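*Asks:* Between the sequences and the hints, there should be enough to build the whole structure, so can you do that?
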Amino acid sequence: MDKSIVIIGSGPAGLICALSCCQSGIEPSDILIIERDSELGGTLNQCIHSGFGKSYLDEVVTGTELASMLSDAIRQLEIEYITDSTVLSVDKQKRIRVVSPKYGYCTIKAEAIVLAMGCREKTKGALQIGGTRPAGVFSAGAVQRIVNLKGYMPGKKTVVLGSGDLAMIVARRLALEGGSVACVCEPKEYAEGSDEHVTECLDNFEIPLYYSTTVTKILGKERIEAVEISKVDKRGKSIKGTEQKIKCDSFVYQCGLVPENEIIKETGIRLDTRTKGAYVNQYFETNVKGIFTCGNAVRIHDLVDFIVEEAQIVGASVKKYLEDKTAKPKSTVRIKNSDKILYSVPQHLDEYDEGIEDCVIYFRVNGKYDNLLITLKKDGEEIYSREKGKMSWLETGKILVTKELAEKIKGAKEIVICAQEKKNGNDTDNNS
Amino acid sequence: MEMILTTTVKIKSETSKLLPVKTDKPILKEKLKKAMKRISKIQVKAPISVGDIIQRNFTEKGINLVSTKSVEK
Numbered sequence: 001m002d003k004s005i006v007i008i009g010s011g012p013a014g015l016i017c018a019l020s021c022c023q024s025g026i027e028p029s030d031i032l033i034i035e036r037d038s039e040l041g042g043t044l045n046q047c048i049h050s051g052f053g054k055s056y057l058d059e060v061v062t063g064t065e066l067a068s069m070l071s072d073a074i075r076q077l078e079i080e081y082i083t084d085s086t087v088l089s090v091d092k093q094k095r096i097r098v099v100s101p102k103y104g105y106c107t108i109k110a111e112a113i114v115l116a117m118g119c120r121e122k123t124k125g126a127l128q129i130g131g132t133r134p135a136g137v138f139s140a141g142a143v144q145r146i147v148n149l150k151g152y153m154p155g156k157k158t159v160v161l162g163s164g165d166l167a168m169i170v171a172r173r174l175a176l177e178g179g180s181v182a183c184v185c186e187p188k189e190y191a192e193g194s195d196e197h198v199t200e201c202l203d204n205f206e207i208p209l210y211y212s213t214t215v216t217k218i219l220g221k222e223r224i225e226a227v228e229i230s231k232v233d234k235r236g237k238s239i240k241g242t243e244q245k246i247k248c249d250s251f252v253y254q255c256g257l258v259p260e261n262e263i264i265k266e267t268g269i270r271l272d273t274r275t276k277g278a279y280v281n282q283y284f285e286t287n288v289k290g291i292f293t294c295g296n297a298v299r300i301h302d303l304v305d306f307i308v309e310e311a312q313i314v315g316a317s318v319k320k321y322l323e324d325k326t327a328k329p330k331s332t333v334r335i336k337n338s339d340k341i342l343y344s345v346p347q348h349l350d351e352y353d354e355g356i357e358d359c360v361i362y363f364r365v366n367g368k369y370d371n372l373l374i375t376l377k378k379d380g381e382e383i384y385s386r387e388k389g390k391m392s393w394l395e396t397g398k399i400l401v402t403k404e405l406a407e408k409i410k411g412a413k414e415i416v417i418c419a420q421e422k423k424n425g426n427d428t429d430n431n432s
Numbered sequence: 001m002e003m004i005l006t007t008t009v010k011i012k013s014e015t016s017k018l019l020p021v022k023t024d025k026p027i028l029k030e031k032l033k034k035a036m037k038r039i040s041k042i043q044v045k046a047p048i049s050v051g052d053i054i055q056r057n058f059t060e061k062g063i064n065l066v067s068t069k070s071v072e073k
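Protein chains in written order, with this note's numbering: chain A, 1 to 432; chain B, 1 to 73.
Everything labelled a hint here was simulated from the structure, so no lab data went into it.
Errors might be hidden in some of the hints.
[What the hints assert, rightly or not] Under the rule of at most 27 Å between Cα atoms (straight-line distance), these lysine-lysine pairs were calculated in the DSS-like manner:
| id | chain 1 | residue 1 | chain 2 | residue 2 |
| --- | --- | --- | --- | --- |
| 1 | A | K150 | B | K73 |
| 2 | A | K92 | A | K124 |
| 3 | B | K10 | A | K150 |
| 4 | A | K221 | A | K240 |
| 5 | A | K240 | A | K320 |
| 6 | B | K31 | A | K157 |
| 7 | A | K150 | B | K37 |
| 8 | A | K150 | B | K61 |
| 9 | A | K3 | A | K221 |
| 10 | B | K17 | A | K156 |
| 11 | A | K413 | A | K289 |
| 12 | B | K73 | A | K156 |
Values in this document were obtained by computation on a predicted structure and should not be read as measured data.
*Replies:* Given below as structure tokens:
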């Protein structure tokens with residue numbers, strides 16, 4: 001089967017990308033969305049809480065309401081989608097092997113592909129907790145799904161490890177449904193998620209939050225009976241003598257999300273080991289021409305707002321690609337990062353006829369800083385500087401490439417994003 | 001402390017066991033427990049559309065419990 005544009009994944013990234021393709025002038029009938037779940041929406045379907053839409057809608061809505069709005073828009077345009085459909089592989093020639101109730105096993109040949117598969121949770125093995133392996137141990141995302149979609153509680157008395165937004169939202173959900181959340185343990189000295197969530201999810205529900213604390217053992221034979229928690233030092237090492245046993249019948253851990261890119265192994269797409277997503281240019285095109293990617297498949301986002309921005313860029317990018325598939329960039333500028341910068345996306349800028357003006361560089365820092373100065377350097381010379389002030393790894397920073405900045409970047413083989421912390425008005429370090 | 005209560009109610013449907021709902025205005029923290037107890041007794045039937053009022057004047061006059069998802073059957 002042939003299809004002009006195939007979008008893999010129907011979370012916010014995939015759906016908004018489809019809508020954005022149509023806004024750019026692509027015929028709705030040229031698009032096919034492939035979704036492995038039984039409904040459109042992706043992770044939004046289990047997000048029954050509010051807070052979506054702050055920067056791109058007139059109102060703030062719940063995740064399910066946003067999924068509904070986007071799905072309705074897809075149906076109104078009559079864009080084809082298949083659900084309960086699993087992509088087995090994608091290759092360099094843009095052939096997609098998929099099994100679906102509608103078409104059975106088939107190979108779809110596409111002109112352009114958008115990889116919007118989102119992410120999955122890391123597994124408990126990443127946490128390295130000793131003890132036994134009884135039932136009653138869950139990841140936070142799994143708990144959100146079983147409570148909100150299936151109607152099951154993980155247990156009656158729960159200990160939560162991790163203070164990211166997801167863990168706190170789940171802790172509140174359990175408390176609301178009559179569960180007892182014994183405590184939330186956070187190995188760092190500060191919460192991983194936003195201050196608003198600490199107040200709204202934990203303080204307001206009298207759920208204790210223990211900083212510098214981690215879970216060191218899981219106890220119980222067939223069903224979990226207790227966890228052992230310990231204080232940890234600044235390096236995360238548990239402090240002997242501070243162990244405490246907390247009785248519980250369920251343990252929920254949040255250990256982070258990772259882009260889900262397994263199906264693209266045969267494409268030759270290069271993955272960035274820092275983001276775990278593909279190397280992309282400012283059009284969110286991978287190193288395989290005509291294969292684009294956006295959303296959590298590129299990098300883990302904390303807010304859907306940035307996914308919306310990216311997906312809108314991809315729509316226009318796909319249209320541009322279809323208009324001239326043989327177009328080659330005039331030059332490429334690599335974007336490097338100095339220390340304190342966790343990663344930046346895109347990883348390189350490709351200059352075509354329209355230039356690089358108006359493109360955006362997104363970046364994250366690797367810790368919590370009070371007084372950050374962000375600069376861009378070309379051959380050691382500063383071409384851009386901005387006082388960012390407070391910034392934590394939670395935030396996504398943006399550098400807009402203005403006309404002036406684009407002129408300065410011209411001719412460079414690479415530019416470096418640097419971050420310096422200023423204390424008392426003086427630079428504390430000089431990095432290039 | 002006031003918050004928009006978001007939770008789920010039971011639904012009789014071929015595709016879903018639960019229907020996500022929310023209060024269309026924030027409610028006081030003190031009313032949450034009673035609200036959740038009341039919600040546990042509610043059961044609705046498909047079809048339901050986003051925005052449908054599940055229960056009018058839910059905890060007090062002017063605050064309704066509304067659906068945040070459409071379930072066709």
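*Asks:* Hint numbers the structure violates, sorted upward?
*Replies:* 2, 5, 8, 9, 12
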